[in-house]
Every structure is written in C-alpha cells, then in structure tokens.
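Residue numbers (the working numbering), protein chains in the order written: chain A, 1 to 380; chain B, 1001 to 1270.
The reader is advised that the hints may include incorrect statements.
[As the list claims (entries may be wrong)] Distance windows between CB atoms, simulated:
# : chain 1 : residue 1 : chain 2 : residue 2 : range
1 : A       : Gln105    : B       : Ser1165   : 24 to 34 Å
2 : B       : Thr1269   : A       : Lys32     : 53 to 63 Å
3 : A       : Gly302    : B       : Asp1180   : 34 to 44 Å
4 : A       : Gly346    : B       : Arg1187   : 37 to 47 Å
5 : A       : Gly302    : B       : Thr1269   : 25 to 35 Å
6 : A       : Asn41     : B       : Lys1166   : 51 to 61 Å
7 : B       : Arg1025   : A       : Gln105    : 57 to 67 Å
8 : A       : Glu333    : B       : Lys1070   : 25 to 35 Å
9 : B       : Glu1148   : A       : Asp79     : 40 to 50 Å
Hints were generated in silico from the structure; no laboratory data involved.
Heads up, the beta-carbon is just placed ideally off N, CA and C, and yes, glycines get one too.
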Amino acid sequence: MANRGSFMKEIVIMGAGAIGRGFLPWMLNLNKYELIFVDTNRKLVSLFNQQKQYRTYRVKSGKLEEKIVAVKKAYCSPDFSIAKLNNVAAVFMNVGPRNCRQAAQCLQGITCPIILCENDPETVNIVQKSLNYKRAYFAIPDVITSNTASPDNLAKDLLAVHTEDGTLFIDQAADGFEGSISFCSKEELDKQWAAKLYLHNTTHCIAAYLGSLVGVKYLHESMEFPEIRKIVTGAMSEMLTALKLRWEIPHSFLDWYADKEIQRFSNKLLYDPISRVAREPLRKLELEGRLIGAAQICLSLGFIPYNILTGIVSAMLFEDPKDSDNHLAFMRETLSPQILSSYILGLRKGEVLDLVMKEQFPKLTLKLESLIHNLRKEKK
Amino acid sequence: MTIRWIPESKLALKAVSAGAEILDREFKEIPFKKKESSGDIVTGLDIAIEEKIRAILKESKYPVVGEELKNSGAGFTGKGGVWVVDPIDGTSNFVSSLPFYAVSVGFMHNAKFSAGAVIIPAQKELFFTMGNQRSFMNNKPLKAGAAELERSLIVASFSSRSCGSKTRIKEYAVFGKFNDMSRGCLRLGSAAINICYVAAGRLQCAYGIGNKIWDVAGALAVAIRAGCKTYIEFTKESNTVNYAVGVTGVVEKIARILKQEKLANLKPTI
C-alpha cells in the first residue's frame, strides 16, 4: 500500500461523521486517492491513526456490503493546515453549517476544489468569503447515513458506520476528480436541492422530533408507530403539494422522491440515531429553513400545513441536555408564545404564520402531548 | 462549575418579556413628566411595567430595588440577593421614538451580577443569562472576543446632572479622548443597550460614570456570562456605580484612563 500510495493523490475529508466517514468512501475512487481525515474529536482522530483503517457498511438491496477504508492519516483540526500538503485533489467539508467558517481557517493557501456537503448552500459563500477563494462548490449527498452502526458491527470496529446506497451530486464546475459522482448543472442541482430540503430534510427531522418525544433511539423505530408515520407522510404530502404548485419540477420526479424518502426513514438496517437527526433544533427552526420555511411556502400557496405545524411544535418540545441548542427548553418554559414567536423564531407580528401559530400552538401542543403520552404507554 | 441561578435567570427573562408585551400593547402617544431635581423623565408606562415586573418577582424570596417605585431599602453591595429593575432604560429615546430603549432586570448576589435579562422591543432583541454559565441574544449564544483599542468602537453613558458640573466637564473631555483613540466613542442613551451590544460583539467597550445600578445590573450579568471583562466601582452616592465592560485588549485601557483621569477607581471583577 505504501508504494502504491506514493503515486496517489490525497483527498482531505473534514468532519469524520456520518457523511465523511460513512458515505464519501463509497463515492470516491479509492484506487486513485488516499484519504486524510480532519476532525475536532481527539478520540476519533486517535482511533483513526491507531487502526489505520475502518469499516463502512452500505445497505444495498436489503443487505449490508462491507468496505474496509484505509486511512493515510488523521488530524485534530487545530493541528491541521492544508498548506503542509502538496498533493491534494480535493477537500470535502462535512462539519455542520455552523462550523464552516471556523473549519475553513486551516484551508488558507488552498489550491484545489473545496466540496461542501453541508446541507446549506449558503455555506459556499461563507467559505469563499472567509478564504477569499472562489473554488468552493455545493454538493448534495442524497443519502441517509448513520453516524454509528449495529451493535454487532460496532463490536468488530468502533469506527464502523452504516450508510445507504446514495448519490452524490456536485456542481459541475468542480469536475476533475474521479468516483461515482454525479457532476451536474446548476439547474439540476437546484432541483435536487429543493427536493432534498423540503421533501427529505423537513420530513426527516419531523420523524426524529416525534420519535424523540416518544423516547425511541433510532429513526426506523419512530416510523414504526402508525400515528407518527401518519404525521410524517402527511407532512410529505403537504410539501409535495407545495413543490408541485410552486416550482416547475417534473411531478413524476417529486412523487418518486417522496416515496423513496418514506421508505428510507423506515430502513431498519441504517441504525440512524434520532439524536443525530434532531440535533440543533434552533438551526432547523430557522426562518427560511426546513420547518418554518416549509410552512411559510404552504401558507403562501393558500393552505395550512397542519402536519408541518405539528413538526414545528415537536421541534420546540425537543429536549436533549447534551445538544448545543439545549437553551431552547429554557426559553420555551419561560417565554410567552408571542415573545417566542417574534424574538426566538423571528416571525413578524401579524404575519400569517405568526397568526396561525398563535392559534394552533396551544391546540397542537395539547394534541401532541396526549399522543406522546399514549405512544409511550404503548411502547412500555 | 456548579450550575447556579437558573431560577433567577428564568424569572428575569419572564419579567422583561412581560415588560416588552406591555410596551408592544400600550405604545401610543406617551405623556411624560420630568422627575424632580433632574433632567430625567418618566412615563406612565415606566410605572405600569415596574408594577408588573415586581408582581412577577414576588415568586422569588429576594427584595426588589427599582427605578420608579418605592424601594424596600434593600442594598445591593451587601450580602444576600436583590433584584434590580429598570422598567424602561432610555426613556428619552423612547418618548422620541428612537429605537434604543430597553426593559432590564438584574439579580445581584453578594454584590455580584449573577443573573439578568434585557429586552430591546424596537429591535426585537432579547439578551439573557442562562444560569451562571452562558448568555444569549435571542437564540444565539454570546461569546466575547478580543480587540485593539484603535480598531474598536467605544460607548459611553454619562452621569446625571446631580453629579455636578466638574465631573461632567471631565467626562466630556475623556469622551473626546476615547473618540480620538478609537474608531469612535458613541452615546446611545441607554446604558443597558450599550453593555448588551458589547456582549454581542458590536461594540468593544462600554463605560459609565455615576450610572444608576438599575440601568446596568441586568446587562452586566449578560456581559459577564458572555465572557466580557468587567471593572466596577460601587460609589458612595446612593444606588450608583462606575464601570467599564468590554473585550480583552480594550477594556483594561479604558479602565486605566478613567482611573488616571480620576473619574473612577475601577477594580476588575472576578
């Protein structure tokens, strides 16, 4: 491997979580590239350097495929600088949208493309401005990847993760490295992003918040409750209606995408933790994001998306003391719905969603609390 | 660090948001009158808000010191806890429809700024502590950085006329000095907002001479939890405080100059 390595280029993966560790190695041509990982988690970095390899499992046709991924080196982010490497083909960034600006600091002097798999197109501007460097490109990993694995596979390898057989869409301007990647036009990327943001992200996090309230660990367990499944598929229908009315995207593509997502959420082989999908609820409640933004689109088209509103309420009720947004519970317990709506969610007093939430929030909270109470009893 | 002052943080947050709701509801033509022996003004809303806040703070066992209503005689420099309330900080701005006015509630314990909340209704901004560990602006955590004085914006809050003309002439001279040493020295007309803007990283240092404790108590708690450095002097005059609060690299210089100019004898808080 060492001899072969000397002729190979390197790919730097910043953020060795679900997408970085689990999904990207399936997409890249590992006969051409050696992988360097950068992460803030020292324990993880140390494990990479000790093991020099790890396992990622891909769910394909209902079965798990195993891939052993060689790790050239791993760095803790404060110790890494791209300037010290001179053979890098690309940098993939998957560190979370809030961390991009900070993470980009170690890329000063970069000369290769930066691919942002960050679930937020704005991160491209953030990184470009922060480095004064144009070659940062948006990518959409159309996949669900867990940041953990089944107990059996974890027993074999602490770094193991499970992923689906997904697709990686990258802005075609970044073309120039090899793998099973769909380099695509801006129009195609926009279409994929609309579907990802509103069909996948919106409903995926609603399933997670509802599951979290019931107290289950994995997403597929949440989808096993018919009542939760009904709310999630209801939210999916609402978004499907909105996208069909608002954008000129082929309806057949949207219908196919929506069906595929519902099936994905129920995939028992993924072991997708709810804590991962539900994390940072305040980011998910941002004005133009997957919950509030989705509800705004439906309202602007003239219908009240009751299932998405239930999702918003479930996100507001989310509690995880370890989550970086754990102050949401503190604010919710203290502030009136009006102050919460205008100061925390950023809604303008009197706008449609503000009025709808004012009317619906207490009703939906009661309904949800009663549903959760019954489901918890059922779970026991 | 043991987590403390969560119930007090919650109460402060609840109290200022109730104040903001009154302001939102009642904000019309505001009749006001001059306070006795000062240039300050008071509106009917100041009193209504302070009454509401005091009613909320009854949930707590600690006494309340407020700007507008009769106080229990509780001090804030001694042992124990005390609530410090300013129903509208920046009343002159408020009556002139300038958007720099705030409702402020602070909680002091053993003369330390332990918890607090400040709401700026016209900006839809809410600053608050969450116990003794963190502070936030709306839903974003606050974290102070560092800066150089030459590249900083400073903000001042002058003493009231009761401090005498000598002090005020000196204050104006120092204000000009700071203005020349930095990117500029501002005066926004609300000490609570000055300090909150420092905590938010918009300004790098806020200072005040002879400010009333209710103007600053809530905001200082927020700034301290955001990691700002604070220099304080409790003065002999009743309910009055001198302070400088800001980021590393700036606030030390401001505090030193205020001391050199004999305007304040500031000491760093721990």
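- Item | Violations among the numbered hints | 1, 3, 4, 5, 7 and 9
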